[in-house]
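Asker: Residue numbers (the numbering used here), protein chains in the order written: chain A, 559 to 1063; chain B, 1117 to 1251.
The hints are simulated quantities; they were obtained by calculation from the structure and are not laboratory data. Source: prediction; values computed, not measured. Every residue, glycine too, gets a C-beta built ideally from N, C-alpha and C. Among the clues, some could well be false.
Restraint ranges, calculated between C-beta atoms of paired labels, are given here [stated by the list, open to error]: (1) A:Glu875 to B:Ala1145: 42 to 50 Å; (2) B:Asp1236 to A:Glu876: 21 to 29 Å; (3) A:Ser1042 to B:Lys1224: 34 to 42 Å; (4) A:Gln886 to B:Asp1236: 35 to 43 Å; (5) A:Ser989 to B:Asp1236: 52 to 60 Å; (6) A:Val942 to B:Thr1170: 51 to 59 Å; (7) B:Asp1192 to A:Arg762: 33 to 41 Å.
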Amino acid sequence: MNQGSAEAELYQHLMTNTVIFDFLQTQVLDGLWYQDVQAPTHEHDWVSPTFWRTLGYEPDQVPAGPTPWRATMHPADLALAQLHLEACLQDPQHVYDHLLRCTHRDGSVVWLRGQGLLLHNEQGTPTRLLVALRNITKEKHAEAYAEEIANHYGLILSNQSVYIVKTDTRGDYTYANDIFYERFGYGQDIIGTSSLLSIIEEDRQKCLAMVMRCFEEPEVGHQVILRKLSSDNTVKSNHWELKGTLNEQGQVEEILCVGYDVTLLVENLQKSQHLLDVTSQQNIRLQNFAYIISHNIRSHSANLTSLVQLLTEAEDEEQHAMFLQMLQTSTQKLAETIVNLSDIVAVNSNVNKPKERRFLKAEIDRTLEALSVLIHQHKITMDVQVPADLAITVVPAYLDSILLNLISNAVKYRAPQRPAVIRLRTYQEPSFTVLEVQDNGLGIDMVKNRAKLFGMYKTFHDNEDARGVGLFITKNQIEAMQGSITVESEVGVGSTFKVYFNENA
Amino acid sequence: MKTPKLAYVVEDDPITSSITKLILRKSLACEKVQTYANGQRAFDHLSAALHNGTDLPDLIVLDLNMPLMDGWEFLDAFSCLHLPTSVCVFILTSSIHPDDIMKAAHYKEVHGYFSKPLDDHNVERMQRLFQTCGE
């Protein structure tokens, strides 16, 4: 049997025997819909039992009515079917092929694809339409699912700003996604250039180390945070996961890098670290302060306790009077201490006092004015080299107190054997304006006293009117303005105090 | 009972100094008490006494916070003197800072740490510690 005769034989069978047609329409197709195109009532239409089975009905369960199949079909799709029929009647070339949604017996939607063939009578007039129906519900669902997945991942990728970059084994770019180009202002010309050099210098070593690990252990994610200049000229921190991808020989062929922006995270981390540092410092200060308060109050209260005891045991009038006198002095000193302490508490508790711009030179002149009698009396030479237009941001009351303290100290501790010179000058350091107060006075032994210089009730010269609070308060006031103070001094040569005024705080 | 012959009170506050002197004489039956306003003055007198062969103290009551030479510096200088007789050193301070208490424990010259005031309880403890001092 050759192919031609086989075809002829099949057609012969088809003409004489319905077995083949029955097989096709019951086993291959999911329904037939045979319509009378000339009867608008559709009452003479017929649907095959397979159609009903596709919708979940056995032949004996088919709903009653003149055209029950039409009730299962979606009205819009019925209208579409009608349009296709009319198009076919107009144009014999028109392809009748449309989707037909039907309601399954269980209420679900069954998607049928209908392909129609227009049949004519002997006169050539179209009289019947045969529509072959195939159930494509599964394909429809699969399609919808795939679309959903694609949308889902598409959304994730487009909303998450994930960078996807590939480099060759030398670290040159071989691929980058759009977000990467966009965020860092790159063009296609980066392909083939070094990815390492695009990272800020300090982080390159870290990056290299991570790439080395990709060679040692490919196909495992290696994580690293690297900084890079973005198109808006700010430095962005990016978290990267690097993986080596292998070629068929099992050698690393490419480095796949997936990254995202963690700048905000890193910044917040740094902020909290800074806050933690400030808080720990403050905590140490407060604890020391608590000990200082306790020490100072305690020393007087101890005297009072002892004196009261001694007073009750006084042996004569004279002793009695002496103890009473001492008691009086002690209470006075306690009161003074409390005043001193409340000054310090005020500085420590008002860390956020409002700051104002002040011309430093004008403030220095006012302080010198206040000290003019002393300066004149001790024939002190003042050498002030501060620009008149230099303004600093300070708590004005603190600046007054700091200047008064440092300059009056320089006056108080001048060296009697040589003409006293006090020199004030300023200079700039990153974020700070520095004021230097230099004298040629007695000087302080820094080896012995560095640690206690700014402590409370520490005095360094045998001076009766030294209270031992001046430098302690000065330091607290400067620190309350986020600045700092340092000192260099040598006995017999003089002292230089440097006040750092924070211009960023 | 052993009583101190000569005590040094090293204290910058004159009132505390007077009170301590009184209590040492009255309650500890101290024969003679000399007061010094800071470590330097006490040390100068001590080295002079050592040099001249005059009376050396057998008790020193030492404050910590003082100008010029504080209690710690005095202790450092004192430990270099190599006195021929034993001296009982007590710290008497208003500091309750744990660092100070810890630091004092590291000086073998210090026989007791006392927080002001010098009340009956402290006097009793001083008396007891003084008995075992130098043994």
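Asker: Indicate whether the distance between the beta carbons of A:Val942 and B:Thr1170 respects the range 51 to 59 Å.
Answerer: holds, 54 Å
Asker: Do the Cβ positions of A:Glu875 and B:Ala1145 conform to the proposed distance bound of 42 to 50 Å?
Answerer: violated, 25 Å
Asker: Could you check the hint for me, namely that A:Ser1042 and B:Lys1224 are 34 to 42 Å apart, CB to CB?
Answerer: holds, 38 Å
Asker: For the range 33 to 41 Å, tell me whether the beta carbons of B:Asp1192 and A:Arg762 fit it or not.
Answerer: Between B:Asp1192 and A:Arg762, where Cβ atoms are some 52 Å apart, the hint is violated.
Asker: Within 52 to 60 Å or not, the Cβ separation of A:Ser989 and B:Asp1236?
Answerer: holds, 58 Å
Asker: Note whether the CB distance of B:Asp1236 and A:Glu876 lies within 21 to 29 Å or breaks it.
Answerer: Distance hint for B:Asp1236, A:Glu876 holds at roughly 24 Å.
Asker: Could you say whether the range 35 to 43 Å given as a hint is met by the Cβ separation of A:Gln886 and B:Asp1236?
Answerer: Cβ of A:Gln886 to Cβ of B:Asp1236: about 24 Å, so the range 35 to 43 Å is violated.
Hints 1, 4 and 7, counting from the list given before, are not met by this structure.
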